[in-house]
Amino acid sequence: MRGVGISTGAVGSGILETAALAAPAGNVAGPGAVPVTLKINGKPYSLNIEPRVTLIDALRNHLDLTGAKKVCDRATCGACTVIMDGKVVYSCTTLAIEAQGKDIQTIEGFSQNGKLHPVSAAFVNHDAQQCGYCTPGFVVAVKGFLDKHPNPTEQDVEAGLGGNLCRCGTYVGMRKAVLEAAKEMRGGRNA
Amino acid sequence: MPDAPNYSWPPMEKRRVLGKSTKRVDGPIKAAGRAKYSSDFTQKDLLHGALLTSPHAHARVTSIDTSGAEKLPGVTAVRVIASPGTELMWAGQEVASVAAETEEIARDATRRIKVQYEVLPHLVREDDLKKAGVRAKAAGEQVKGDPDKAFQEADAVVEGHYGIPVITHCCLESHGNVVEWKGDKLNLYPSTQNASGIGGDLSQNLKVPASNVHTNMQYIGGGFGSKFAADLWGVEAARLSKASNGRPVKLFLDRATELMMAGNRPSAYANIKVAAKKDGTITAWQSESWSTGGIGGGGSPPIPYVFDVPNQRKNHTAVSTNCGGVRAWRAPNHQQACYLTNTAFDDLAAKLNMDPLEFYDKNLGLTPRAEVYRAQMRKGAELIDWQKLWHLRGQSGSGTVKRGLGLAMSTWGGGGHNSQCRTTIHPDGTVEVELCSQDLGTGTRTVITMVAAETLGLPLGAITLRIGDSSLPPSGASGGSTTVGGVSSSTRKSTVNALAKLFDAVAPTMGSSADQLEAVDGRIQVKGDSSKSLTWKAACQKLGVNKISEMGENNQRNPGGLNSSGVGGVQLADVSVDTETGLVKIIKAVAVQDVGLVINPKTSESQIHGGCIMGICAALMEERIMDQQTGRMLNPDMEFYKIAGIGDIGEIIVHLDITPEHDKRGVVGLGEPAAIALLTAIANATANAIGVRVPEIPLTPDRVLAALERRNA
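Residue numbers (the working numbering), protein chains in the order written: chain A, 1 to 191; chain B, 1 to 713.
Excised from the complex, chain A in its bound form:
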């Protein structure tokens, strides 16, 4: 929305208008490639991409970070899930330029020193994956969920992970995996 000259007549009063007015005049990016810097898993990456490039496409097509998948491409299925400033987001409906200055975590940053992240390990233990295409999105969503809900009930898990979809039907193992990962992560923190 920034810099496209939204008038009060078009949007009425409210947050959008305030945001539009607050935008510095003339700060128009694109339509050609522009420099974009992303901080991913603690490391800075410099890119030259069109402003319309989504975060998922930036990750997959420009950075070879292909853990997150593009599936529905419309913020329904969660296969593209990443964590941005501590919040779980769909990277298919986030523009890469909007993600600048944010702390982006992708699944590639989860394993430490070759050791599986407790969520990934729990997915393996409970066979919470088949074809595996939805799995990275789920693993990231589970981590984001457990960061905020370290001690969930099964009902919490069902509500908290309602934003991701699996086609092979791995939810039975997944419910167990999330509870096990929660326990593991709590143990890890308290130890």
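Calculated directly from the structure, the hints in this document are not laboratory data.
Treat the numbers as computed from the prediction; the structure is a model and nothing was measured.
Every residue, glycine too, gets a C-beta built ideally from N, C-alpha and C.
Treat the hints loosely; a few may be bogus.
Going by beta-carbon spacing under 7 Å, a handful of chain A positions derived as facing chain B [claimed, not checked]:
1. Val34
2. Tyr45
3. Cys77
4. Phe123
5. Gly162
6. Leu165
7. Val172
The calculated DSS-like cross-link candidates involving lysine-lysine, where the alpha carbons are at most 30 Å apart (straight line), are [as the list claims (entries may be wrong)]:
8. B:Lys351 - B:Lys278
9. A:Lys87 - B:Lys278
10. A:Lys43 - B:Lys278
11. B:Lys23 - A:Lys176
12. B:Lys351 - A:Lys176
With the hints as your guide, set chain B onto chain A.
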């Protein structure tokens, strides 16, 4: 002549690896997000392909102008697929393709191709057969016994309408591939259920020698029967690559196109009349059924399913519609047949005021495996607490939320496809097992590794497995639940053969003969005498500089007792229905399945869980909605093409029939059988809960409320 090697599976009690629940070997790499699917392929000079597809359900291309696309900076190739004069038969059919430096430019380019169409009349809905007109083709009447007499003499007759719609595969990794055509060689990175065969399909379409195509696919994001062929987008990706100086082109379908044209399960609608004696014995079946699977019409479901009713009259009509074409969908034709048959039978049992368990039991003589089903129904009833929870149809108390139980039965073939496997034992003790199969997420890598480890007496980690590369020995396509039978048998033979060679090599040094040796716990030892033994590594060192490389082959027609086909299964559902909102919820689902010899219970159970969840999706949510006005699919996205989420599935209980009797049949696939019956069990449970049949699935609130309204009227 030496004796023929003994390939048979070790006796149940002697197995160390087979039959033990084992974590999938590719679990860690997938769960860490490091598994590289073909759609993850990146390379510096990679180009992105995109398709322009038809916006009309039926049209003729009158002109096509690609100059706008060609002029766009970053575009490397533009190809016309449907030249002027081409008749397009469904919305979503391919019109043109482009390759460009970025995905965004490729999409822009397709929008700059100007196409003029002469729009032609279309038919995209088949649910009302009367409106199909000339597009309906009757297959002719089939009669068995004397149905007229049987209906006349019957004590009870029910007539009903039943329908199951077209659904799509909705693979999370859409169809597509990366193709690189350099010189006379092609590298193909597909998303396929057919790693050994897809290169040949592509080469035929391109008229190049099959030996010039090298295929490699390590992971696939779902197929469910829809990913066997190279497809037009494979051919286009190759041609775009050639036209772009051999740079690799990635062409995967976007979600809308995927849902419109990358395959679907045909619908099935029917008006059915069934008859029985007072005691519940089924005597007659009559059906007028119809279906569509696109332009070619739909499949003809094998009805009546499982039960060979003595008197039958059947008429089936295929309806040709202007919709994307049918592809095999996990257990082709069986879900439809199961639904049409078991709903009608359930209505008949309800009319007789009979418990369906008793009704089915009475009729098991009409099935090819009465005792298997009888035991399965008993087990399933126990697991779902049938005796306590079942009630007569509609007698679910006075509250607004009703609860009901239902069941349905299934069958499938299975068996083992043709497969060749090579096992190499190196002098340093390393073991390679190689075959060009594919792991759809079913656990194929894991079962192959388990079979090799069992035969060679080694831990799983000692086996290096290579699959998915067409330079390896060929293995069949993964369809019809034939993979596990095929690859386990070829791996068994190959590893037995390789081990026999190792025994030959070490027997003299152990003062024994080859036939007296066995491989146990990482050692080669004289049978029953662990004092005379060598470690695996020490034994392999005796090979000097010569490695052992031995083949093993499964012949589909002669599996030698290692695998077989033909299974039965019973699935049951316990549902609640809110009669004010029409919402159906799953409380519990139970699956009881005959699966022959079970190699890995863990992944077997996962597959059955998956089959059940697909059944829940199909029963409650999934439906391709076509609009006759525009000829378009109204829900080509995942917001409105619904599949179940983690909170939609209730409790699922799986019971594998692991018994010596089933085990001796060898390995039988279970991907398809697990995915057949539950959707029907849910429909029957819903009828049991609310006292009336909701004739067509999915059981969406509007359909449930409409059925309740008719009941009350």
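Hints versus structure:
1. The criterion of a C-beta within 7 Å of any C-beta in chain B is not met by Val34 of chain A, whose closest approach is roughly 13 Å, and the hint is violated.
2. For the restraint placing Tyr45 of chain A at the interface with chain B, the shortest Cβ-Cβ distance is roughly 14 Å, beyond the 7 Å limit, so the hint is violated.
3. Interface restraint check for Cys77 of chain A: the shortest CB-CB distance to chain B comes to about 5 Å, inside 7 Å, so the restraint holds.
4. Restraint check, Phe123 of chain A versus chain B: the minimum CB separation of about 4 Å is within 7 Å; hint holds.
5. Because the smallest distance between the Cβ of Gly162 of chain A and any Cβ of chain B comes to about 5 Å, under 7 Å, the interface hint for this residue holds.
6. Proximity of Leu165 of chain A to chain B holds as hinted, the smallest CB-CB distance being about 6 Å (cut-off 7 Å).
7. At a threshold of 7 Å, the smallest CB-CB gap from Val172 of chain A to chain B is about 4 Å, leaving the interface hint in force.
8. Restraint check: the Cα-Cα separation between Lys351 of chain B and Lys278 of chain B comes to about 10 Å, which is no more than 30 Å; the hinted pair holds.
9. Among the hinted pairs, Lys87 of chain A with Lys278 of chain B is inconsistent with the structure: their alpha-carbon atoms are about 64 Å apart, more than 30 Å.
10. Straight-line distance between C-alpha atoms of Lys43 of chain A and Lys278 of chain B comes to about 76 Å, which puts the hinted pair past the 30 Å bound.
11. At most 30 Å may separate the alpha-carbon atoms for a hinted pair to count; Lys23 of chain B and Lys176 of chain A meet this at roughly 15 Å.
12. Proposed proximity of Lys351 of chain B and Lys176 of chain A is contradicted: the alpha carbons are some 42 Å apart, above 30 Å.
Comparing the model with each earlier hint shows violations of hints 1, 2, 9, 10, 12; every other hint is respected.
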